[in-house]
Amino acid sequence: MKLWLLLLLCLPALNALSQDKPVVGLVFDKTTKERIARVNVRNLRNGQSVYNNLKAEFKILAQPGDLLVFSKQNYFTDTLKVQRNADMAVYLKASSIILPDVNVRDTLLSAQKKLEATRRYMSKLYGVSANRDLLNIGPGFGVGISIDAIWNMLSKSGRNAEHLREIIERDHKLDVVDQRFSKVLVQQLTGLKEPQLTSFMTRYRPSYYMVTTATDYEFASYIKGNLKRFLRNPNIVALQELNP
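Using mature numbering (1 follows the signal peptide of the UniProt record, and there is no 0), the letters of the sequence shown correspond one by one to residues -18 to -1, 1 to 226.
One should not assume that every hint holds.
[Claimed, not checked] For lysine-lysine, the following DSS-like pairs were computed, each having C-alpha atoms within a straight-line distance of at most 27 Å:
no.: 1; residue 1: K12; residue 2: K75
no.: 2; residue 1: K15; residue 2: K41
no.: 3; residue 1: K175; residue 2: K206
no.: 4; residue 1: K206; residue 2: K15
no.: 5; residue 1: K63; residue 2: K3
no.: 6; residue 1: K12; residue 2: K210
no.: 7; residue 1: K175; residue 2: K210
no.: 8; residue 1: K12; residue 2: K63
no.: 9; residue 1: K75; residue 2: K41
no.: 10; residue 1: K37; residue 2: K12
no.: 11; residue 1: K210; residue 2: K75
no.: 12; residue 1: K165; residue 2: K210
no.: 13; residue 1: K155; residue 2: K206
no.: 14; residue 1: K75; residue 2: K15
no.: 15; residue 1: K63; residue 2: K15
no.: 16; residue 1: K3; residue 2: K41
[What the hints assert, rightly or not] Label-pair restraints from in silico Cβ distances:
no.: 17; residue 1: L36; residue 2: R152; range: 40 to 46 Å
no.: 18; residue 1: P46; residue 2: E200; range: 41 to 47 Å
no.: 19; residue 1: Y199; residue 2: Q178; range: 20 to 26 Å
no.: 20; residue 1: R211; residue 2: Y33; range: 36 to 42 Å
no.: 21; residue 1: R66; residue 2: R211; range: 47 to 53 Å
no.: 22; residue 1: E200; residue 2: R27; range: 37 to 43 Å
no.: 23; residue 1: Y199; residue 2: K12; range: 17 to 23 Å
no.: 24; residue 1: R66; residue 2: Y191; range: 56 to 62 Å
no.: 25; residue 1: S164; residue 2: L62; range: 32 to 38 Å
no.: 26; residue 1: E200; residue 2: L36; range: 27 to 33 Å
no.: 27; residue 1: R66; residue 2: Q30; range: 14 to 20 Å
no.: 28; residue 1: K41; residue 2: S189; range: 44 to 50 Å
no.: 29; residue 1: S77; residue 2: N35; range: 19 to 25 Å
no.: 30; residue 1: R17; residue 2: G207; range: 26 to 32 Å
Hints listed in this document are in silico derivations from the structure and should not be mistaken for laboratory results.
Positions of the beta carbon are idealized from the N, C-alpha and C atoms, including for glycine.
Using the sequences provided together with the hints, build the complete structure.
And the structure:
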């Protein structure tokens, strides 16, 4: 009888020990080690589901031994066991290549800045003041030149004006490709080092059309796909482009 009374007295204490307690932690990208937000955290035992905040911090009720499922779009789902009295550091592996949008915006801005500098130089060189008809930016990355403006400015043949237009347009397109297909980006995605890095970039330099139309994922996939081809034959010398 005394044993039963003792057990009854202990039950509240045992119940208190078994209650859920807040478990906190952070979620990181496994590759970049940067914090990632809006990750869903679900406790398989009690069914609670929460999202971590913009600082990548999460808090969820759990007990030691509970299984927490971490899931986010573009990342592989991971399941971790809650340890006793320990904050959690969770590392999720990206299921696709994710590139920062700022790189694309910087590319657009840099190419446009250089084009504006060319416009200012032409205006100063030929004595015109901020002639907007001289160089015209088309949709996207496109660049065009007003032949009439150059004709009046140079007082030369239409052939010279056309040649100047072609030079500026060609240089602008080369700049756009260089800025998006940069060594920093290619090295980050491939892990290549010199001289293989330069060899790879020469052999698989993308077209202007691809650079201006491909999404971040498509562009990164293009680089990754060509890396496999490159590693099979890294010593092949790329053919030099013939100038007309």
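Check your understanding: Lying within 40 to 46 Å: is that true of the beta-carbon distance L36 to R152?
Key -> 44 Å Cβ-Cβ, so the 40 to 46 Å window holds.
| query | Does 32 to 38 Å hold as the CB distance between S164 and L62, or does it fail? | reply | holds (36 Å)
Query - Range hint 47 to 53 Å (beta carbons of R66 and R211) holds or violated - result: Between R66 and R211, where Cβ atoms are some 50 Å apart, the hint holds.
Holds or violated: K175 with K210, Cα cutoff 27 Å?
The hint holds at about 15 Å.
* To do: With a cut-off of 27 Å on the C-alpha distance, tell me whether K175 and K206 pass.
  => holds (15 Å)
Verdict for K41, S189 (Cβ pair) under range 44 to 50 Å:
holds (49 Å)
- Query: Per the hint of 41 to 47 Å, is the separation of the Cβ atoms of P46 and E200 within bounds?
  - Reply: Because 45 Å falls inside the window, the suggested range holds.
Next pair to validate is K12 with K75; report whether the Cα-Cα distance is within 27 Å.
Status holds; Cα separation ~5 Å.
Is it true that the C-beta distance of Y199 to K12 lies inside 17 to 23 Å, as the hint says?
With a Cβ separation near 18 Å, Y199 and K12 satisfy 17 to 23 Å, so the hint holds.
So if I understand the rule, the pair passes when the alpha-carbon distance is 27 Å or less; does K155 with K206 pass? Distance of about 23 Å is within 27 Å: holds.
For K63 and K15, compute the direct alpha-carbon distance and say whether it is at most 27 Å. At roughly 21 Å apart (the allowed maximum being 27 Å), K15 and K63 satisfy the hint.
Checklist line | 27 Å Cα cutoff - pair K210, K75 | finding: holds (21 Å)
Every hint from the earlier list agrees with this structure, and none is contradicted.
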